[in-house]
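Novice: Using the hints, position chain B against chain A.
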Amino acid sequence: MTDSRGRQFLSLGLHSAAIIAFQIALMQLISNVQWHHFAYMVISIAMLGFGAAGTALSLGRKRLANAANWLVPLLMIFSGGLMAIVFPISRAGIMHFDVFLLFSGGQGFAALILNYLIFFVPFFFGALAIGIIFMVKSKEIGTYYFANLAGSGAGGIIVLVFMAKFLPLHLPALIGALPVVAGLLLSNKQTWKQNLVAGLVSILLIVLLVARPGQMILSEYKDIALARQLPETETQIQKPSAYGFTEVVYAPLFRFAPALSLTFHGDTPGGHVIFVNGNYFGHVLQHNKTGDSHLLNYTTMNLPFVLGSKKRILNINAGTGTSISHALSHNAAHIDAIIENRSVISLLKNELRYASGEVLLHPAVQVHHQQTRNFLANAQSATYDLIILPLMSEFGGGAGLNALREDYDLTVEAFREMIRTLKPQGMISISTWIDHPPRYSLRILATLAQAAVESGILHPQDHIAAVRSWGTITFLLKKSPFTPEELQHIRKFSLEMQFDPLVLPGIRQEERNYFNQLNDTTLFNKVEAILSSHCEYNSTYLFDISPPTDNMPFFSNFIKISRLAHLSEHYATGQLPFLELGFFTLLATLFKSTILAIMLIIIPLTALKRKTQGKIGTLLYFGSLGLGYMFVEIILIQKFVLYLGQPIYAVVAVVSTMMISSGLGSLYSQRFQPIPATIAKAGFAIMLLLTIMLLFLTPMLQQTLAVNMYFKIAISFVAIGLPAFVMGMMFPLGIRLLSMQNPAQVPWAWGINACFSVVSTSAATLISIEAGFQTVILIAIIVYFAASTAFIISGSIRKWFH
Amino acid sequence: MSSNLIVVFIASTLMFAVAGYSSDPTENIRSIMVDNQIVRRGITHQATLRAMRTVPRHLYVPHEQRRFAYFDRPLPIGFGQTISQPFMVAFMTEVIDPKPHYRVLEIGTGSGYQAAILAEIVEKVYTIEIIPALANRAKEVLSRFYDNVSVKIADGFYGWEQAGPFDAIIVTAAAGTIPPPLVDQLREGGKMVIPVGSPYMVQQLMLVEKRGGRMVTRNLMPVRFVPFTRN
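Those sequence lines, one after another, are chains A and B. For what it's worth, the working numbering labels the leading residue of the first sequence as 0, then goes sequentially. For what it's worth, the working numbering labels the leading residue of the second sequence as -12, then goes sequentially.
Isolated chain A, as found in the complex (with noise of 0.2 Å):
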């Protein structure tokens, strides 16, 4: 290894960057195959490689540090081709796994652990280098962190970049070319030829996998998969974007239909649909510049149409422009349109301009790339005379898959915002498919309701109506109640269409279930207890349908632990999974990675017979950290999903910001002395400044949700790096007070901190999905308040043994 420090600096620092971008790019990769679920198995698969990588420097110490020299760049060129060929190799066919074969009848569950290993596998050497560079240099770890810490930082934004300029199949290798260039950094007399033919094997194969990637071998449910079976299907567009991997295919066999009514008794179209990761993202249907008659009139969302013309619309996440299209055949005016995902805006301006009939380029229509809570606290009050939601859900139900989505346009706060921002007679609109049993649909009352009531509405019931068809469900929450006139329409629509009215001001139970006959009264029963605002709604269903709040967004998950034995008095415990996939992968993945992080980390550990003292607060210490710091950062990349617009906006703003501000905090530790009052004191700034983000950062996030966005990064900065900046300073000081006290200890309290922080990934979703968002931070309040008084508790354990 090199003696220049600004060499080993540099390179920890782009070893570090590959990890992280490693990290992020296999989770999109994933979520591309696969489902977004395993983002998370993905971050617990790196965090157990750090912790494998803790035990074996642990078991192998002395020798690890005495090759130092030499191992340390192999390691790191070792990784990077790993990284280039390990995606690859799970494409081959004893890989292959499929979420839905695994829940049913277990196939694949041997694939899913051998993708876990070859993941496993760069994550754990990448690992190994750090670990190693640590622990030689653990009398300056704090500089060491800074690096390791500021090129992760780093990492995330490099892997922002490639996302928006490169095809998915091509990430893993580009980003496996920077820990070569990381180890090649690090060679000196010694050891550059060795590193040099290691080097140019690795980059052959890179360069190899870049100009021949190969496909991507979707799972054969995902929505692009199923097109692409259809006959006279062809995929015509691909783009890379940091929104997703987006693709047009023209499928003229997949037709857009949604629910249409049995009255209907024309064609449907198919043709240009557009694709994000593999899954269905909308059709791009020919805007009829003619005014015939559009297809939605034959659905249930035509509903607040027929209450008289709307001519300022609100079209919220407006999709690939069907809706927008739909207000333009009822003469809307102006149409403000919703759409979040740059790259199909792009599309719809230029690629599909002519498929969509121009649809974003009417004179009508303004579209706005920007979060819906975004605009929503920009817009004016009483703005608007109609305010559509996309349709929810899908055919059949949506299997949970969205679960674990933060979905903050669809919280009680945002239905308030659109209350306030409609003119008096305005309404608003949103349409789901229909579940069984019913959750969705159920969910969406209980919400409208509940805003209705806090934006002062005295009897929603006067304000709701609803009509339900064979397959979708349409609710309007009018500003002002509904008159007899109106009512009168609404019925009539009903009829013509064959459709069933589900909630009108005076309804007979009759009307309810005339067409599309439900034997299961379920929904009838909680709709009217919702209505009659009956405390006992939610509490006595076997599903959780309270309204989502701010603090736990999650419109899409019906499941609560404590709901889970009363679930399984119903159906068998083993079909559970059948009701709500999301929450039941989650929980999957927090079992698996513990019983590994227990098999790889503290199992080898536990069994080395060494003579230590202490054991328990290095423990208590190391373990605390590694939960508190991911509960912290979970929860600020989905409180910062809604402040920054974006999902990953907020992943990268977040994961660098933290990491950026945790090296900059181990750099200042240099400055101290690592006894156990210092790193009390710094625990306890920690305590106090996450008690202030617990009290303060929510009402600050909403009050400035409307401040431009250079305010908002400052905000986020500040937010973000002040905690972080003190967190950092934890771990190296733990670590050298820890190299002065017991050197043993230190990659045994590396592979604690490691396996921790495994857990803490899926613990603190599960945590935020059951109690909130508070809840958890409230938890790292009291995790650090553990490991402020660690090395003191543990202190004076070995004193009274003494």
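The set of hints was computed from the structure by calculation and includes no laboratory data. Keep in mind it's a predicted model, so treat the numbers as computed, not measured. Careful: at least some of the hints might be erroneous.
[Stated by the list, open to error] Lysine to aspartate or glutamate pairs mimicking EDC-like chemistry, simulated, CA-CA at most 20 Å apart: (1) A:K192 with A:D2; (2) B:K197 with A:E357; (3) A:K478 with A:D384; (4) A:K238 with A:D222; (5) B:K86 with B:E196; (6) B:K139 with A:E231.
Specialist: Okay, now just chain B, sitting in the frame of chain A:
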């Protein structure tokens, strides 16, 4: 693992072991399947039960899935398609109440298993599959046993106008719409049945009936629950 699954698992394992000693070694396992998975869950339609005992389900699944053929679950058949779980097939068949003189249209041939069950009961089965590889595979198996099944490679959206009207239609490949031509090709008083939702997830069954020119839909029990209700 439920006791049903254990019984079927042991029987499946033994199936090939006894192949040399019996004319049809799968007959017993089919009987177990019908008794445990179908009759116990309330299916009483005698013709359906007879057909389920007769049709060798394992011949309709890909080779690598044969050992699971009589398990109580759907199975992948390639191309993102599935063969429905045995109970589901029985339930759908019972719902349309097939009579010997019926002409039945199936949209989405898939494995061909549902068509085979119907062919055991009714006069004529028309089945349409859009994926040529699946259609050809099903056609090959079906032609070995039945001369009353016609398989067509086409877009099921338009139905089979020349062969209609039909007494019943089974749409196993619905995706958010009920194609208007199918409604037209359904005989007055006829029944159309559509499973709604992914075969691996909670599915419900929708029955569409044509009564006096009016279409009435009826959502039946979520079928994924029925077989898996605690037993």
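Novice: Of the numbered hints stated earlier in the document, which are not met by this structure?
Specialist: The structure conflicts with hint 2 only, although it agrees with all the remaining ones.
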